[in-house]
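K.L.:
Residue strings, one per chain:
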Amino acid sequence: MPDQLTIGEFLIGILPRLRSDTRLPSWPPDCFALCLALLKQTGSYSQLLQDWPPGRGIGQGLAHWTSSVHALGEQWRRALHRNRPSEELSVGGLLNVWQILRESFPQPLSTVENNTPLLQALMHLVGAADEASAGVGAPEDMGDNDSFLQRARGFLRKDATLGLEIDPARVKVLPRMHTPQGGLTERSLSLYLSMCDAGEAAPCWLSTPFLQRDSVNLLLVPWPLEVLAKQFREVPDSATRLPADFGFFTYDLLGGDAELIAFVESLHREAHRKLGRVDGVILPELAVTAGQFRGLRDRLPQECFLVAGIGSGETGAQRGTNEVRLAFPLLAEVIQKKHHPWKLDEAQVMQYGLGGVLSPYREWWEHCDVTRRRLNFISISEDLVMCALICEDLARPDPVANMIRAVGPNLVIALLMDGPQTKERWAARYATVLADDPGCSVLSLTSLGMSQLSRPGSGPSRPRVVALWKDRFQGTREIELPAACDAVAISLSIRYRQEFTADGRGDGGNAAFPILSGVHPIAAARTAESR
Amino acid sequence: MVRLTPHDSSVITALVQHTSHSDEGKKELLDELQSPEARLVGEAFLDSQKYAAAADHIRATVDYLQAWVENNKRLRVKREARGQAAARS
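Chains as they are written, first to last, in our numbering: chain F, 1 to 531; chain V, 1001 to 1089.
Treat the hints with care, since some could be wrong.
Unchecked claim - Derived pair list, reagent style DSBU-like, types lysine-lysine, alpha-carbon separation capped at 35 Å:
| id | chain 1 | residue 1 | chain 2 | residue 2 |
| --- | --- | --- | --- | --- |
| 1 | F | LYS337 | F | LYS230 |
| 2 | F | LYS158 | F | LYS274 |
| 3 | F | LYS158 | F | LYS40 |
| 4 | F | LYS423 | F | LYS274 |
| 5 | V | LYS1050 | F | LYS158 |
| 6 | V | LYS1027 | F | LYS274 |
| 7 | V | LYS1027 | V | LYS1050 |
| 8 | F | LYS230 | F | LYS40 |
| 9 | V | LYS1027 | F | LYS158 |
| 10 | F | LYS158 | V | LYS1026 |
| 11 | F | LYS423 | F | LYS343 |
| 12 | V | LYS1026 | V | LYS1073 |
| 13 | V | LYS1050 | V | LYS1073 |
| 14 | F | LYS274 | V | LYS1078 |
| 15 | F | LYS343 | V | LYS1078 |
| 16 | V | LYS1027 | V | LYS1073 |
| 17 | V | LYS1078 | V | LYS1026 |
| 18 | V | LYS1078 | V | LYS1027 |
| 19 | V | LYS1073 | F | LYS158 |
| 20 | F | LYS423 | F | LYS337 |
| 21 | V | LYS1026 | V | LYS1050 |
Unchecked claim - Over the 10 Å line for every Cβ pair with chain F, so calculated as not near, a few chain V residues:
| id | residue |
| --- | --- |
| 22 | VAL1002 |
| 23 | PRO1006 |
| 24 | ASP1023 |
| 25 | GLU1024 |
| 26 | GLY1025 |
| 27 | LEU1030 |
| 28 | ASP1031 |
| 29 | ARG1039 |
| 30 | LEU1040 |
| 31 | GLU1043 |
| 32 | ASP1047 |
| 33 | ALA1053 |
| 34 | ALA1055 |
| 35 | ASN1072 |
Simulated from the structure, these hints should not be mistaken for laboratory data.
Note that the Cβ used here is the ideal one computed from N, Cα and C, for glycine as well.
Could you put the whole structure together from the sequences, leaning on the hints where they help?
P.N.:
Shown next, in the form of structure tokens:
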């Protein structure tokens, strides 16, 4: 029988210095990741929480647990601020808790589940490290100078992880904005920190100042208003590069830069007239070229952010591009490529009426560049950490869905090239998953052109349902473009609720949920000729 | 206003968030800024004389950052009130 992996060997894999130096990791995110990884690997947190809290029935109970862990976290934070963690943590008893873990190093990993003192020690360390890291995610005003936050944000900026000593090739530690309130996973155990396996997709954490008001007004432009079947085409030599029943396709964007920019400007003016302020403009997947994006940004007010799907067809020399670009008032373009190519099958070729340009008897892969996969989390205010996804990336669990579930960004924007965004279709299902766990609010947006191209196999089509909203509190909301309107302006308000960890700690009612609080149809000004 | 790279945007955010940085800390952050314009913004934010002498787009950027900092203070008060309400309930 092979030797069993010991607890120490497992932990050394995450924090290599434990091989020779078994002192407590005094940087909270390191300690958090180390202990949570052990709880996750063994699944033993479920065993621990079967009989919770510690001391139950002998006069201590949950209030004692939560207050003591919270106090320990605060003490840890103060010690870091004074740069004396090793000295001060011994006072709080944290070193005694660590000692329980240290003494277990020679034990096989399989013994963790039945070792109650060890499990309690692990939960104690996870909870205290989490509490010590409060406020690490969003750019909050914490009042007094806080050297922990300064250092932590420096690590996020440089390395996209909060870890200091732990091996970033194994585990990354990121901030957390939402804690799932249903089910029981390792994600249920923390409020402020999340642990992600260091996988193939690299997280990026960006902060940029954005004036958060009591509501956020977004202009959704379902551009293009028309998509032509001929914009889809077979990549010339794809037949020689794939088995007989497969091919590559690409999608060519149309020109008309001046018309597009004038159109969006007109929509912005009208939205501004109706709402008094437009904070952001969003366009769907493959809506504009890079040049059009820059042109739009130059013409929109500087305080308005812009998120749009950018594309270009393949050129023979290189694959096409399909990416989202995000531009904020003080931030140059952030670029994130799509992670998964679209595969058009027979049913979809029929659905979108593409049989004249792509054979329905072959399956067609989107010929786009999907290298260098990244996921950008953009922290724009203390209540809003957002990320953007492109089409398939919303549906596929790999490589980024677990990262999104771990971090729980407040707002996920999914840019689609898809049919109508009705409640029955796939985007609504995946939005619901993210709204339930971890609690993200999700906006999906497709183009009117693509939506009109879509013809269901049976029943009426509703092509003017171009967007969909889902949050934790409300049912799925279809956003429909009324006749003679070209865009929709939506208002988001922030609802605050208390979230709890599975060990009973609360966040003080500061979990922020954008909710849909207004929908306004917007029509562009028509020229006399177009009227 | 100035358009910052993702890196410089995060550094500027950190610089304006923590106004009680030590002089050494401020210098470290300024040194982290990669573009000359970002550095001008950082310096003008920290030094009123440099602000007064700065170009319009630099001053506009600093004004925006100041407004953001003030807005964060307002949000902080609300956040603390929510925390106190949650503790009472």
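K.L.:
All the hints need checking, so say for each whether the structure fits it.
P.N.:
Each hint tested on the structure:
A distance of roughly 24 Å separates the Cα atoms of F/LYS337 and F/LYS230; the hinted pair therefore holds under the 35 Å criterion. At roughly 42 Å between alpha-carbon atoms, F/LYS158 and F/LYS274 are farther apart than 35 Å, so this suggested pair is violated. Taking the CA atoms of F/LYS158 and F/LYS40, the gap is about 27 Å. The hint holds against a cut of 35 Å. Taken as a hint, the F/LYS423 and F/LYS274 pair is honoured in the structure, with Cα atoms around 28 Å apart against an allowance of 35 Å.
Note on V/LYS1050 and F/LYS158: the hinted pairing holds, with a Cα-Cα distance of about 28 Å set against a maximum of 35 Å. Pair hint V/LYS1027 plus F/LYS274 does not hold up; C-alpha atoms about 45 Å apart against a cutoff of 35 Å. Restraint check for V/LYS1027 and V/LYS1050: satisfied, since their Cα atoms lie roughly 15 Å apart, inside the 35 Å limit. With a C-alpha separation of about 50 Å, the suggested pair F/LYS230 and F/LYS40 falls outside the 35 Å cut-off, and the hint is violated.
Of the pairs offered as hints, the one joining V/LYS1027 and F/LYS158 holds, with about 17 Å between alpha carbons and a cut-off of 35 Å not exceeded. For the given pair, F/LYS158 sits about 17 Å from V/LYS1026 by alpha-carbon distance, which is consistent with the 35 Å threshold. For the proposed pair F/LYS423 and F/LYS343, the alpha carbon gap of about 22 Å is at most 35 Å, so the pair holds. As the CA atoms of V/LYS1026 and V/LYS1073 are separated by approximately 21 Å, the hinted pair is consistent with the 35 Å bound.
Only pairs whose Cα atoms come within 35 Å are accepted, and V/LYS1050 paired with V/LYS1073 is accepted, the gap being roughly 25 Å. A C-alpha spacing of about 28 Å is found between F/LYS274 and V/LYS1078, which places the hinted pair at or below 35 Å, so the restraint holds. In summary, the hint linking F/LYS343 to V/LYS1078 is not supported, as the alpha carbons are separated by about 48 Å, beyond the 35 Å threshold. Under the criterion of a C-alpha separation no larger than 35 Å, the hint pairing V/LYS1027 with V/LYS1073 is consistent with the structure, at around 24 Å.
Only pairs whose Cα atoms come within 35 Å are accepted, and V/LYS1078 paired with V/LYS1026 is accepted, the gap being roughly 28 Å. In summary, the hint linking V/LYS1078 to V/LYS1027 is supported, as the alpha carbons are separated by about 32 Å, within the 35 Å threshold. Between the alpha carbons of V/LYS1073 and F/LYS158 the distance comes to roughly 26 Å, so the proposed pair stays at or under 35 Å and holds. Distance hint between F/LYS423 and F/LYS337 is fulfilled; the C-alpha atoms sit about 27 Å from each other, no more than 35 Å.
For a cut-off of 35 Å, the pair hint linking V/LYS1026 to V/LYS1050 stands: about 15 Å separates their Cα positions. Chain F draws V/VAL1002 into its interface by the beta-carbon criterion, the shortest separation being 7 Å against a cut-off of 10 Å. For V/PRO1006, the requirement that its beta carbon stay farther than 10 Å from each beta carbon of chain F is not met, with the minimum near 5 Å. Separation of V/ASP1023 from chain F is adequate, the least Cβ-Cβ distance of about 13 Å exceeding the 10 Å criterion.
Here V/GLU1024 stays apart from chain F, with its beta-carbon at least about 12 Å from theirs, past the 10 Å limit. At roughly 7 Å, the least C-beta separation between V/GLY1025 and chain F is not larger than 10 Å, which violates its mark as non-interface. Its beta-carbon lying about 14 Å from the closest one in chain F, V/LEU1030 satisfies the requirement of being farther than 10 Å from that chain. Every CB of chain F lies more than 10 Å from the CB of V/ASP1031, the least distance being 13 Å, so the non-interface label holds.
Listed as outside the interface, V/ARG1039 is consistent with that label: its C-beta sits roughly 14 Å from the nearest C-beta of chain F, beyond the 10 Å cut-off. Its beta-carbon lying about 13 Å from the closest one in chain F, V/LEU1040 satisfies the requirement of being farther than 10 Å from that chain. Separation of V/GLU1043 from chain F is adequate, the least Cβ-Cβ distance of about 16 Å exceeding the 10 Å criterion. With a minimum CB-CB distance of about 19 Å to chain F, V/ASP1047 clears the 10 Å threshold, and the non-interface call stands.
For V/ALA1053, the requirement that its beta carbon stay farther than 10 Å from each beta carbon of chain F is met, with the minimum near 21 Å. At the 10 Å boundary, the C-beta of V/ALA1055 stays outside the reach of chain F, the nearest C-beta of that chain being 15 Å off. The Cβ of V/ASN1072 sits about 4 Å from the closest Cβ of chain F, inside the 10 Å cut-off, so the non-interface label is violated.
Going through the hint list in order, the structure does not satisfy hints 2, 6, 8, 15, 22, 23, 26 and 35.
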